[in-house]
Structures are given as C-alpha cells and as structure tokens.
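Protein chains: 2
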Amino acid sequence: MNTPRRLALLVAYDGREFHGFQRQPGFLTVQEELERAWSATSGETAVLHGSGRTDAGVHAWGQVVHFNTWSSLPAAKVKAALNSYLPDELVVRASAEVAPEFHARSSAVAKRYGYLLATGRSRPVLRRGLVAWEKREDLDLAAMRAAVPFLLGTHDFSAFAAAGRTTKTSVRTLSSIHVHPIRGGFGFLFQGDGFLYKMVRNLVGSLLEVGRRRRAPQWVGAVLASGDRRKAGPTAAAEGLYLWRVVYPQDPFRNLA
Amino acid sequence: MNTPRRLALLVAYDGREFHGFQRQPGFLTVQEELERAWSATSGETAVLHGSGRTDAGVHAWGQVVHFNTWSSLPAAKVKAALNSYLPDELVVRASAEVAPEFHARSSAVAKRYGYLLATGRSRPVLRRGLVAWEKREDLDLAAMRAAVPFLLGTHDFSAFAAAGRTTKTSVRTLSSIHVHPIRGGFGFLFQGDGFLYKMVRNLVGSLLEVGRRRRAPQWVGAVLASGDRRKAGPTAAAEGLYLWRVVYPQDPFRNLA
Numbered sequence: 001m002n003t004p005r006r007l008a009l010l011v012a013y014d015g016r017e018f019h020g021f022q023r024q025p026g027f028l029t030v031q032e033e034l035e036r037a038w039s040a041t042s043g044e045t046a047v048l049h050g051s052g053r054t055d056a057g058v059h060a061w062g063q064v065v066h067f068n069t070w071s072s073l074p075a076a077k078v079k080a081a082l083n084s085y086l087p088d089e090l091v092v093r094a095s096a097e098v099a100p101e102f103h104a105r106s107s108a109v110a111k112r113y114g115y116l117l118a119t120g121r122s123r124p125v126l127r128r129g130l131v132a133w134e135k136r137e138d139l140d141l142a143a144m145r146a147a148v149p150f151l152l153g154t155h156d157f158s159a160f161a162a163a164g165r166t167t168k169t170s171v172r173t174l175s176s177i178h179v180h181p182i183r184g185g186f187g188f189l190f191q192g193d194g195f196l197y198k199m200v201r202n203l204v205g206s207l208l209e210v211g212r213r214r215r216a217p218q219w220v221g222a223v224l225a226s227g228d229r230r231k232a233g234p235t236a237a238a239e240g241l242y243l244w245r246v247v248y249p250q251d252p253f254r255n256l257a
Numbered sequence: 001m002n003t004p005r006r007l008a009l010l011v012a013y014d015g016r017e018f019h020g021f022q023r024q025p026g027f028l029t030v031q032e033e034l035e036r037a038w039s040a041t042s043g044e045t046a047v048l049h050g051s052g053r054t055d056a057g058v059h060a061w062g063q064v065v066h067f068n069t070w071s072s073l074p075a076a077k078v079k080a081a082l083n084s085y086l087p088d089e090l091v092v093r094a095s096a097e098v099a100p101e102f103h104a105r106s107s108a109v110a111k112r113y114g115y116l117l118a119t120g121r122s123r124p125v126l127r128r129g130l131v132a133w134e135k136r137e138d139l140d141l142a143a144m145r146a147a148v149p150f151l152l153g154t155h156d157f158s159a160f161a162a163a164g165r166t167t168k169t170s171v172r173t174l175s176s177i178h179v180h181p182i183r184g185g186f187g188f189l190f191q192g193d194g195f196l197y198k199m200v201r202n203l204v205g206s207l208l209e210v211g212r213r214r215r216a217p218q219w220v221g222a223v224l225a226s227g228d229r230r231k232a233g234p235t236a237a238a239e240g241l242y243l244w245r246v247v248y249p250q251d252p253f254r255n256l257a
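Residue numbers (the working numbering), protein chains in the order written: chain A, 1 to 257; chain B, 1 to 257.
Wrong hints could be hidden among the right ones.
A pair counts as met if it fits within one copy or between any two copies, since identical chains are not told apart.
[Said to hold, decoys possible] Taking lysine-lysine pairs in the BS3-like style, the calculated list, with each CA pair at most 30 Å apart, reads:
id: 1; residue 1: Lys168; residue 2: Lys231
id: 2; residue 1: Lys135; residue 2: Lys79
id: 3; residue 1: Lys231; residue 2: Lys135
id: 4; residue 1: Lys77; residue 2: Lys135
If you're looking for bench data, these hints aren't it; they were derived computationally from the structure. Bear in mind that the values here come from a model prediction, so they are computed numbers and not experimental data.
Take the sequences, apply the hints, and build the full model.
Put into structure tokens, the structure is as follows:
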C-alpha cells in the first residue's frame with residue numbers, strides 16, 4: 001500500500017519559550033521543534049499542520065497537529081518517541097492515527113481558549129508568565145458577566161481583531177463565555193467556531209474595562225456594533241492566554257489516557 | 001532617638017532563579033537581591049536576616065526576613081518601594097514594623113512547607129520547575145496517609161537529613177503532615193518546629209516509596225528509628241518544594257492585606 005498514514009498529536013507548550021506556533025526563519029517555534037523531533041524519531045521530513053497559530057507568549061494545553069507518515073511506528077508509541085526529543089517546555093500529551101481526511105485546522109468545529117488573570121497588589125511571582133496580572137482586587141464580576149450576552153452569537157468581530165492577518169471574513173460565532181472567580185484572580189473561558197487575530201485578548205481587555213467599572217456592560221455591545229478596533233479596550237497580555245481545546249466532530253484522542 | 005527601627009518582610013520567590021536564599025559570592029541569591037533593593041531604596045547597607053535558608057530551586061511563598069533601619073520610610077510603603085527594584089521572580093508581599101526583639105529565625109515557633117507533585121505520563125509542561133513530576137498515576141494515597149503517624153511527634157530525624165550542614169541537634173518535632181489529592185497530582189503539607197537540611201524532600205521521597213507500594217507504611221517508622229540516611233527513600237526534587245509559612249507567636253503581618 002503506497003499511501004501514508006495520517007497521525008494527530010495533542011500538544012501542550014509554554015508560550016514564553018517560543019515565537020508562536022508557526023515556523024519563522026531565525027526564531028524558535030513550536031512547529032519547528034515538533035518537525036525536528038519527528039525527523040529525529042522517524043528519519044522523515046514532514047510538515048506538521050496545526051489547528052491554528054498561537055502568538056508569541058501564548059500557551060497551549062490542547063493544540064492539535066496532524067501530519068502524514070510512511071513510518072510503521074505504532075501511533076500509541078509516537079508520543080513517547082517524540083517526547084524524548086522535545087525540550088521541557090513542549091510536550092506531546094497524546095498521539096493517534098486519524099482518517100486521511102482529518103485536518104487539524106479545517107476539521108475543527110470549535111475552539112476553546114482560557115485566560116488566567118491574577119489580581120492583587122503583589123506580582124504573581126510564582127506564576128509569572130503563566131497568568132496576566134491586574135493590580136485591582138475589586139473587579140466587578142457581576143458587571144463582567146452582564147457584558148457577556150452582548151458578545152455571544154454570530155457577529156462581525158472586527159472591533160476585537162488586530163490588524164496584521166488576512167482572513168476572508170471577520171464573522172465568527174461565539175457560543176460561550178464564562179467568567180469565574182479563581183483563587184487570587186479570575187478565569188475566563190471562550191468557545192467559538194474560530195477566533196480572529198488577538199480576538200480573545202481584545203475581548204478580555206474590554207471585559208476588564210467593564211470589571212474596572214470604567215465602562216458599563218452594554219458598552220461592549222456598542223464596541224462590537226461599531227466594528228472599530230479603536231473603540232475597544234486595550235489588548236490583554238499574551239501570558240494569560242491558553243489554547244485550551246480544539247473540538248472535532250470526533251475527538252481523535254477520545255480513547256487515550 | 002538613636003535606635004534603629006526593625007522591619008520585617010514577607011517574601012515570595014521562584015526558586016529556579018536563585019542559588020538559594022543565603023548570600024554566596026558569585027551566585028545570585030535572594031538575600032543579595034533584597035539587600036541590593038533595600039540599598040537602592042534607602043541608601044543604607046543593611047544585612048537582611050531570613051527565617052532560614054532555602055536551597056537552590058526551592059520556592060517560597062512566605063519567607064520572612066528582618067533588618068534594622070534608620071530610614072523614616074513608613075513600613076507600609078517599604079513593600080512597594082522594594083518591589084520597584086526587585087526582579088519579577090522575587091516579590092515582597094508585605095512589610096511591617098516589628099519589635100526590636102523580633103528575629104525572623106529565632107522568633108519562629110513553626111514552619112510550614114508545601115510540596116507539589118504532578119503525576120501522569122506527560123511532563124507537567126505548563127508548571128515545569130514549579131512542581132515535581134512522578135510518572136505513575138496510581139500512587140496509593142491511603143498508604144501514604146497510613147505512613148504519616150510513624151513520622152509525627154518529636155524524634156531524631158537524622159535518617160531524613162542530608163549531610164552538609166551542622167546543627168546542634170537533629171531532634172525536631174513534626175506536628176502535622178497532610179497528603180491530599182490535587183488536580184493532576186498530590187499536595188503535601190508539613191508543619192514542624194524546624195526542619196533539618198533537605199528533611200522535607202527526604203520525607204517526601206520516603207512517602208513516595210510507600211505510595212508506589214515498594215514499601216509498607218510502617219517502613220518509614222523503621223527508617224526513622226534507624227537514624228540511617230541510607231535507609232530512607234531518594235530525595236525528592238527541589239522544584240516541588242515551597243516554604244509556605246513561618247509561624248510566630250504574633251504574626252507580624254496580621255493586619256495587612
């Protein structure tokens with residue numbers, strides 16, 4: 001049989017150590033590290049396709065990549081083999097064989113991003129780089145939650161997109177936003193069918209303006225309707241952001257520990 | 001009045017970035033960084049006294065230090081002043097004026113150490129350096145808890161002390177050990193009137209041997225009674241260890257946020 005197998009990987013990484021996911025000459029990227037490890041494992045030169053880019057400083061708990069291989073290494077063993085070649089800041093959590101039609105990006109039906117914010121007057125020294133930091137401890141949770149309904153649904157999210165990446169459309173569907181208090185701060189969880197460049201960080205930045213009581217909850221609706229990036233709140237720091245999960249019609253890793 | 005005031009600081013740091021707490025020529029230490037920041041703040045050259053050393057790689061959430069000053073800077077403002085000169089991996093959580101008799105080490109009546117262990121087949125990539133890692137997921141919590149009573153109380157803890165530091169006596173009182181499951185691993189909490197060099201890490205190392213079912217719970221009692229370091233389990237990694245709290249008859253920071 002002269003057809004390659006397709007493998008998918010579930011990958012976590014510490015975004016501080018990489019210039020984002022996507023290969024860039026002269027910079028250390030997640031894609032390049034994975035390709036290098038696969039080459040060391042199999043002797044093959046493969047291009048690994050991710051579910052999407054993450055920017056420099058953005059972490060991932062559940063990035064998904066796929067690639068083709070002629071290697072006969074059992075899919076279940078690919079994880080350990082790759083991990084033996086990967087640096088400490090990048091780990092393959094699971095490996096699985098997938099159908100040849102599976103595509104890490106275009107097969108995805110939704111993505112979940114998490115955002116961690118530490119609040120308080122002291123820098124989060126033991127989680128620095130892993131959480132964003134807001135000095136104010138009195139963020140208004142109820143107000144942030146009241147702003148959420150203005151953002152949910154299918155909209156043109158241009159007002160929350162940074163320039164710099166071309167996409168066919170800036171219409172996306174946000175299916176859920178959860179804001180919950182965590183010890184020493186707040187956690188945000190976003191699920192949508194896709195996200196524009198820096199969209200999650202811009203949404204967090206605007207929700208924080210509401211949390212600081214500088215803006216009323218309905219203000220985020222006005223920003224959204226304006227389509228004007230200059231009306232939104234400042235972009236929240238990359239270090240709080242996690243690509244948490246990529247959702248597929250069938251989870252490639254469903255049967256794995 | 002020609003007597004200096006005494007100030008105390010509550011300090012947190014990421015142990016990865018320092019060669020321990022105590023000043024060592026040619027190495028970056030917590031003590032040196034704090035003294036440098038105080039010198040920049042006040043123009044004074046002061047010696048800061050810690051509650052005890054922490055080794056390279058060991059973290060602190062609640063290290064306490066004291067020092068004397070002629071500066072008239074209000075104690076409550078010392079925190080922010082120092083933090084403006086400190087690196088991201090070291091933060092003053094609180095500052096307070098204390099009685100001239102207060103001594104960070106000798107006034108302490110107890111210390112609490114925490115130990116964080118991630119378990120599972122994937123490296124804890126998003127908390128690397130902040131937790132220790134054990135591949136086995138099936139550690140026996142009940143067995144580890146059953147071993148605890150053999151360690152509590154007043155004993156000669158020589159079997160759990162590393163060579164390399166001289167202390168008058170190796171008798172210490174361990175008042176509590178808690179082992180609790182946390183998401184993706186286990187947390188250990190130790191309270192005692194003092195701890196020998198590497199004692200917490202050696203206690204964890206031996207409890208883990210019980211958790212792995214390589215030893216029975218009562219084995220830790222036999223190790224303790226032997227006074228023989230070679231009989232104990234391997235020393236657990238520094239990266240999981242946190243100096244959590246130093247307990248004084250009166251908490252110097254009791255009235256502070």
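Right, here's what the structure says about each hint:
1. Lys168 to Lys231: within (23 Å within a copy, 67 Å between copies)
2. Lys135 to Lys79: between (40 Å within a copy, 14 Å between copies)
3. Lys231 to Lys135: Within. Shortest intra-copy distance 23 Å satisfies the 30 Å Cα cut-off; inter-copy 49 Å does not.
4. Lys77 to Lys135: between (45 Å within a copy, 16 Å between copies)
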